[in-house]
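Colleague: Residue numbers (the working numbering), protein chains in the order written: chain Z, 3 to 150; chain S, 3 to 150.
Hint data in this document are derived by calculation from the structure and do not stem from the laboratory. A quick note: this is a predicted structure, and the numbers were derived from the prediction, not measured. Ideal placement from N, C-alpha and C gives every residue a C-beta, glycine not left out. Some hints here could point you the wrong way.
Chain S regions said to be covered by chain Z (calculated; three or more residues, Cβ under 8 Å) [unchecked claim]: (1) 74 to 82; (2) 87 to 97.
For each label pair, taking beta carbons as the anchor points, the in silico distance ranges come out as [as the list claims (entries may be wrong)]: (3) Thr89(Z) x Glu54(S): 30 to 38 Å; (4) Ala103(S) x Gln140(Z): 31 to 39 Å; (5) Pro128(S) x Thr22(Z): 46 to 54 Å; (6) Gln140(Z) x Arg87(S): 23 to 31 Å; (7) Val15(Z) x Ala103(S): 38 to 46 Å; (8) Gln111(Z) x Ser70(S): 42 to 50 Å; (9) Thr147(S) x Val96(Z): 30 to 38 Å; (10) Arg38(Z) x Leu74(S): 34 to 42 Å; (11) Pro55(S) x Ser66(Z): 26 to 34 Å; (12) Gly143(Z) x Ser70(S): 35 to 43 Å; (13) Thr73(Z) x Val100(S): 37 to 45 Å; (14) Leu74(Z) x Glu139(S): 34 to 42 Å.
Protein chains: 2
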Amino acid sequence: MPHTSSPVSPTAVDVMATLTDFCRVYQQDFLTAAQRLDLTYSQAKLVCLLAEPRAMRELAEALSCDASNITLLIDRLEQRGLVERHTDQADRRVKKVVATAEGTALAQQVRDEMHGVRAALETLSPSRRRSLQSILEQLHGHMTTSLD
Amino acid sequence: MPHTSSPVSPTAVDVMATLTDFCRVYQQDFLTAAQRLDLTYSQAKLVCLLAEPRAMRELAEALSCDASNITLLIDRLEQRGLVERHTDQADRRVKKVVATAEGTALAQQVRDEMHGVRAALETLSPSRRRSLQSILEQLHGHMTTSLD
DNA sequence: TATTGTTATACTCTATAACTATA
DNA sequence: TATAGTTATAGAGTATAACAATA
C-alpha cells in the first residue's frame with residue numbers, strides 16, 4: 003500500500019492521498035488565520051470571495067450551502083462594516099454584496115496570516131513553484147469545467 | 003495583479019491564490035462525496051482518519067476542535083456501527099477509537115466517490131504526477147514540522 | 001495535581017419550508 | 001408562474017466551563 007514517493011511514478015490514488023493530507027493542513031492554516039482575525043470559517047471564506055461584487059445566490063453556490071444561510075452570514079459581516087448590500091438596478095430582486103475598504107483589507111489580512119502555507123511555498127525553488135502552478139491550473143481547470 | 007501563469011516564475015503569492023482555488027474545489031468534492039454517503043463533513047473526516055486506532059484527544063487535534071465535541075460525533079458514528087471505543091489498558095483514562103469493517107469500507111467509499119479530484123488527477127502525465135507528489139510532500143513536510 | 005473523556009450550555013452553521021417582492 | 005432574498009425552525013458543529021475517573 004504505497005503512500006510515499008517511490009522510484010516509479012505514483013498512481014492517481016497515491017497522489018490523492020498526499021493531496022488529501024495537504025488540503026487538510028491547508029484548511030487548518032486557513033481556519034487558524036480566520037480565528038486570529040475574529041472571523042468564523044464561513045465568514046472568512048465569504049470575505050475572501052468578495053474581490054468583486056456577487057449576488058447572494060452566487061455566494062451560496064460558492065459556499066455550497068442553501069441560499070437562506072447567506073442572509074445571516076452577510077448580516078453579521080454588514081454589522082461589522084465589512085460588506086454592503088446594493089440592490090441591482092438591472093434586476094431589483096438581486097442584491098449584490100460588495101466588500102468595503104475594511105472588508106477588502108481584512109481579506110488580505112487573512113491571506114497574510116496563513117503563515118504555514120506561505121512559508122512552505124517560500125521553500126520551493128522557482129522551477130518547482132512554476133511547475134506546481136501549472137499542474138494546479140490543469141487540475142483546477144479540469145475539475146471546474148467537468149462540473150458544467 | 004498577475005493571477006495566472008506567465009513567462010517568469012510565479013511568486014509564492016501567485017501560487018497561493020491558485021492553491022486556495024484548488025483547495026476550495028477539492029473540499030467541495032469531499033463534501034459532496036460525504037453527503038452522498040449520508041455523512042456530515044466532520045463525520046466523513048473522522049471516518050477517513052481512522053485508518054488506525056486513535057484516542058479521542060488525538061481526533062480533536064486532527065479536526066482542530068475542542069475535545070468535548072468529539073464525544074457526540076463519535077457517539078453517532080458508534081450508533082451506526084462504523085466505529086467502536088476501546089479503553090486503552092496501558093492508560094485507562096484513554097479511549098481508542100477503532101473503525102469497524104463497515105467504517106473502513108465507508109472511508110474507502112468516500113475516497114472512491116471523489117470523482118472530480120480523481121478524474122482530474124488521471125489527466126496528469128506520469129511525470130507531472132510524480133512532480134506534484136514530490137512538491138506536495140515537500141510542502142506538507144515543511145508545514146507539519148514547523149508546527150512542532 | 002494533571003489529564004482524558006464526559007456533560008451542560010450557548011452560539012454558529014446548515015437545510016427545509018413558507019413567505020415577500022420582483023420579474 | 002418563476003426567481004432572489006428573507007424569516008422561522010430544527011438539527012448538527014463548536015467553544016467554554018464544570019465534572020468524574022484515572023494517572
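Colleague: Checking against the hints above, which ones are violated?
Modeller: Failing hints, ascending: 1, 2, 3, 5, 6, 7, 8, 9 and 10.
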